[in-house]
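Protein chains in written order, with the numbering used here: chain A, 1 to 505; chain B, 506 to 816.
It is worth saying that the hints were derived from the structure and are not from the lab. A couple of the hints might just be wrong.
[Said to hold, decoys possible] Here are the simulated DSSO-like cross-link-like pairs (lysine-lysine), alpha carbons at most 27 Å apart as the crow flies:
(1) B:K814 x B:K602
(2) B:K759 x A:K410
(3) B:K709 x A:K350
(4) B:K525 x B:K648
(5) B:K643 x B:K580
(6) B:K627 x B:K713
(7) B:K627 x A:K350
(8) B:K575 x B:K602
(9) B:K713 x B:K738
(10) B:K602 x B:K643
(11) A:K350 x B:K795
(12) B:K628 x B:K759
(13) B:K713 x B:K636
(14) B:K763 x B:K553
(15) B:K759 x B:K575
(16) A:K137 x B:K713
(17) B:K814 x A:K350
(18) B:K525 x A:K410
(19) A:K137 x B:K627
(20) B:K795 x B:K759
(21) B:K751 x B:K674
(22) B:K636 x A:K410
(23) A:K137 x B:K580
(24) B:K674 x B:K814
(25) B:K763 x B:K575
(26) B:K669 x B:K763
(27) B:K777 x A:K350
(28) A:K350 x B:K771
(29) B:K771 x B:K607
(30) B:K628 x A:K137
(31) A:K350 x B:K713
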Amino acid sequence: MDLLNHILLGAQVLFTPGNIFFCFIGVLMGTLVGVLPGLGPTAAIALLLPNTFHVSPVTAIIMLAGIYYGAMYGGSTTSILVNIPGEAASVITCLDGYQMALKGRAGAALGIAAFGSFIAGTISVIGLMLVAPPLAKFALAFGPPEYFSLMLMGIVILIYLASGSILKALMMAVFGLLIGTIGMDSISATQRLTFGLLELSDGVGLIPAIMGLFGVAEVIANVEQEIKREIIATKVKNLLPNLQDWKDSFWPMIRGGILGFFIGILPGPAPVISAFSSYAIEKKLSKHPEKFGTGMIQGVAGPESANNAATGGAFIPLFTLGIPANSVIAILLGAFMIHGIQPGPMLIDKYPDLFWGTIMSMYLGNVMLLVLNLPLIGLWVKVLKVPYPILFPLILLFCLVGVFSLNYSKVEVALMIGFGVFGYLARKFQFEMAPLVLALVIGPMMENNLRLSLVISQGSPWIFIEKPISAAFILVSLALLISPFIPWIGKRRRKLQEKVEGEQI
Amino acid sequence: MMLVLSFIPAASADAQDFPKGPINYMNPFNPGGEVDIAARAMQPYLEKNLAQPFVINYQPGAGGGLCWSKLAAAKPDGYNIGGFSIPHIILQPIFMKDVTYKTEDFVIFSIVEYTPIGFGVKKDFQVNTLKEFIEYAKANPGKVSCGGVGKFTGHHFATLQFMKLAGVKVNYVTFQGTSQVQTALMGGHIDAAFTNSSMLVTTKDQIKVLAIGAPQRMTQLKDVPTFEEFGFKMYPRIARGAMGPKAIPQDIQKRLEKAFLDTTSKPEFRAKMEAAGFVPQVMGIEESHKFLEAEAITIKQLAQEFDLKRQ
Chain A
1 MDLLNHILLG AQVLFTPGNI FFCFIGVLMG TLVGVLPGLG PTAAIALLLP NTFHVSPVTA
61 IIMLAGIYYG AMYGGSTTSI LVNIPGEAAS VITCLDGYQM ALKGRAGAAL GIAAFGSFIA
121 GTISVIGLML VAPPLAKFAL AFGPPEYFSL MLMGIVILIY LASGSILKAL MMAVFGLLIG
181 TIGMDSISAT QRLTFGLLEL SDGVGLIPAI MGLFGVAEVI ANVEQEIKRE IIATKVKNLL
241 PNLQDWKDSF WPMIRGGILG FFIGILPGPA PVISAFSSYA IEKKLSKHPE KFGTGMIQGV
301 AGPESANNAA TGGAFIPLFT LGIPANSVIA ILLGAFMIHG IQPGPMLIDK YPDLFWGTIM
361 SMYLGNVMLL VLNLPLIGLW VKVLKVPYPI LFPLILLFCL VGVFSLNYSK VEVALMIGFG
421 VFGYLARKFQ FEMAPLVLAL VIGPMMENNL RLSLVISQGS PWIFIEKPIS AAFILVSLAL
481 LISPFIPWIG KRRRKLQEKV EGEQI
Chain B
506 MMLVLSFIPA ASADAQDFPK GPINYMNPFN PGGEVDIAAR AMQPYLEKNL AQPFVINYQP
566 GAGGGLCWSK LAAAKPDGYN IGGFSIPHII LQPIFMKDVT YKTEDFVIFS IVEYTPIGFG
626 VKKDFQVNTL KEFIEYAKAN PGKVSCGGVG KFTGHHFATL QFMKLAGVKV NYVTFQGTSQ
686 VQTALMGGHI DAAFTNSSML VTTKDQIKVL AIGAPQRMTQ LKDVPTFEEF GFKMYPRIAR
746 GAMGPKAIPQ DIQKRLEKAF LDTTSKPEFR AKMEAAGFVP QVMGIEESHK FLEAEAITIK
806 QLAQEFDLKR Q
């Protein structure tokens, strides 16, 4: 059987001491940044990327992917114990998780979050395994016009789901596209907006931008406000949920897993949206919707499963089309390039070891996370007690060293600080980072595909409408952009906004 | 002879302890292209020979012009070297006013391989032979989209040469690397492409290969006729290898030359390259520059025939 052979190939790739070790490091780092407020998986992956230059591509991807889904596990710990979401995707877990902790059931909440993540993570890995290869075959149907329209739709969806005003999100996206035009023109080698700086001829580096916007800006913002930290003082015990807990949580976990996986495929901050959607669904399906918010275990199980499954789904556009669905995947895409792997429809065929090795590592990673999370919760609680005056300067130091170690370029360090200050100010005025980062990543790809399409069509813009797949994407984008002007849809969007509030990925 | 040479102390201490750190190899195209395939094949041998990591990084854009502009300005210490393609490095400084390098800015350590340029069409295209293609293109002037990498590159010139000799007009679409051309042709997003023999060999079942620009048929593509068989005297090819800024000290140049020659003369390396559709070469600094000069004469002559403008 084909699938079985592939699984064996993946296992063969994975079960070397080096790869298992890097998988472990990845999930450990992921859990750690998930636990720590103020440092998310995006910044962590950007920080660790330079350390993967000397290992093989599959090892690097295994570790970096581990950080991503590991962070989803870690994020729940702080939500439940401290009522501070370590990750944006765990915001919703605070609602019932913290209430459970107050009632002395922190153990059960943490336990069910870990088991839920494990079960949903497994669902999502199976989904990835079954869906990605056939989809990759279909992906050959994607030419320059289809790519352009798909990326356009990705940006529009992200704008549409912005937690603040659509206008502000649109402004950030356009600003991102503008920054994306800096550097040498990819067709004629003309210098654009580089002001004679050789460092800028490559364009603005993604990593300095992300470390600035997410790392530095976050630290500045956190220094400003004193975060109240009331760590549940009582000892966390009884991590294993009882039979009733299992009965209550089983279907929410399964539903969350499936929902998260499919939302994950769509561009945008999938873990956040899927967690909120799962909570909404569980509340609707429950016989006691009024009890949500008072410590219902379903309110922890569903969202925690969903946000974990979403990370698996997000790998699908990466492996099949080479398009990043969010900023974390964008850095992974950069990692592919650094390791000499051309992302795109041929990836699974050309590098089966990479694809199946990564997938198998996700199984193992999920088991490791379960083991890490249950007995080590005491340790994570201790990490939470590190005083911020020590923690924040450390994060800042890591960011500075991390960016400098990329290319030993002072210009990039300056860029990072600039982006940090900009990110801080933008946050103050409720501008979101996600549209900017995605536009910055996608911008040059979009430009290239736009120009290729127009050369193929000999200048006619109708090519985007004449191709059916492309036309469908354009139609969806237009519908999304127009819909806020239609009153009743506008209202629903506002509701959706309320749901995605606080999202940062 | 080698034995005797190895007892002569190196001319300076510089070369003796070169390299002390990783060699940074700039790749002018996307991952998965020919420069990349050759570099990845050489990498293990070079790392062993130089006892240092050989780090490949990608600087695609402007048909390689972006990368070479940077390489020309890089520190000439032997740690910054890069891949190149002929005729690109001859043509771009003449015709592209935004590239900031000159052909003479570089020293070529070694030409590692070349690939004849061939012509293929998408699988479901209505023609099956080059003759049929020419008839079709004549009936639909400018309508056929034909992919290739960059402008003032081997593919661009092959397209121009073909258009002139066959009396047809096609719409040339520029990509950043052959791996993208390959995906676009297999997906049917472009009708045809001038691309390298290596790509044609690996994808011959997914596209229709109509002609190859070699003097004789290639053993890896036995059924594919040469352009000459149709009466077109065109032999487009792209030669590749490694080069660095000219100001690199002589002894370091020699050390790098030796590393490349030791690698490219290995039979297993040659076999690997041949299987992948390349024509492997073993050329040192002197031979490489002779090759470059000879290619420059032919290609400049062609450029004059096409009456191209600097842009």
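So, going through the hints one by one against the coordinates:
no. : hint            : in the structure
1   : B:K814 x B:K602 : holds (11 Å)
2   : B:K759 x A:K410 : violated (33 Å)
3   : B:K709 x A:K350 : holds (16 Å)
4   : B:K525 x B:K648 : violated (55 Å)
5   : B:K643 x B:K580 : violated (51 Å)
6   : B:K627 x B:K713 : holds (6 Å)
7   : B:K627 x A:K350 : holds (20 Å)
8   : B:K575 x B:K602 : holds (15 Å)
9   : B:K713 x B:K738 : holds (22 Å)
10  : B:K602 x B:K643 : violated (33 Å)
11  : A:K350 x B:K795 : violated (37 Å)
12  : B:K628 x B:K759 : violated (47 Å)
13  : B:K713 x B:K636 : holds (13 Å)
14  : B:K763 x B:K553 : holds (13 Å)
15  : B:K759 x B:K575 : holds (23 Å)
16  : A:K137 x B:K713 : holds (19 Å)
17  : B:K814 x A:K350 : violated (40 Å)
18  : B:K525 x A:K410 : holds (23 Å)
19  : A:K137 x B:K627 : holds (16 Å)
20  : B:K795 x B:K759 : holds (17 Å)
21  : B:K751 x B:K674 : violated (40 Å)
22  : B:K636 x A:K410 : violated (58 Å)
23  : A:K137 x B:K580 : violated (44 Å)
24  : B:K674 x B:K814 : holds (18 Å)
25  : B:K763 x B:K575 : holds (25 Å)
26  : B:K669 x B:K763 : violated (42 Å)
27  : B:K777 x A:K350 : holds (17 Å)
28  : A:K350 x B:K771 : holds (26 Å)
29  : B:K771 x B:K607 : violated (32 Å)
30  : B:K628 x A:K137 : holds (16 Å)
31  : A:K350 x B:K713 : holds (21 Å)
Violated hints, in rising order: 2, 4, 5, 10, 11, 12, 17, 21, 22, 23, 26 and 29; the structure is consistent with all others.
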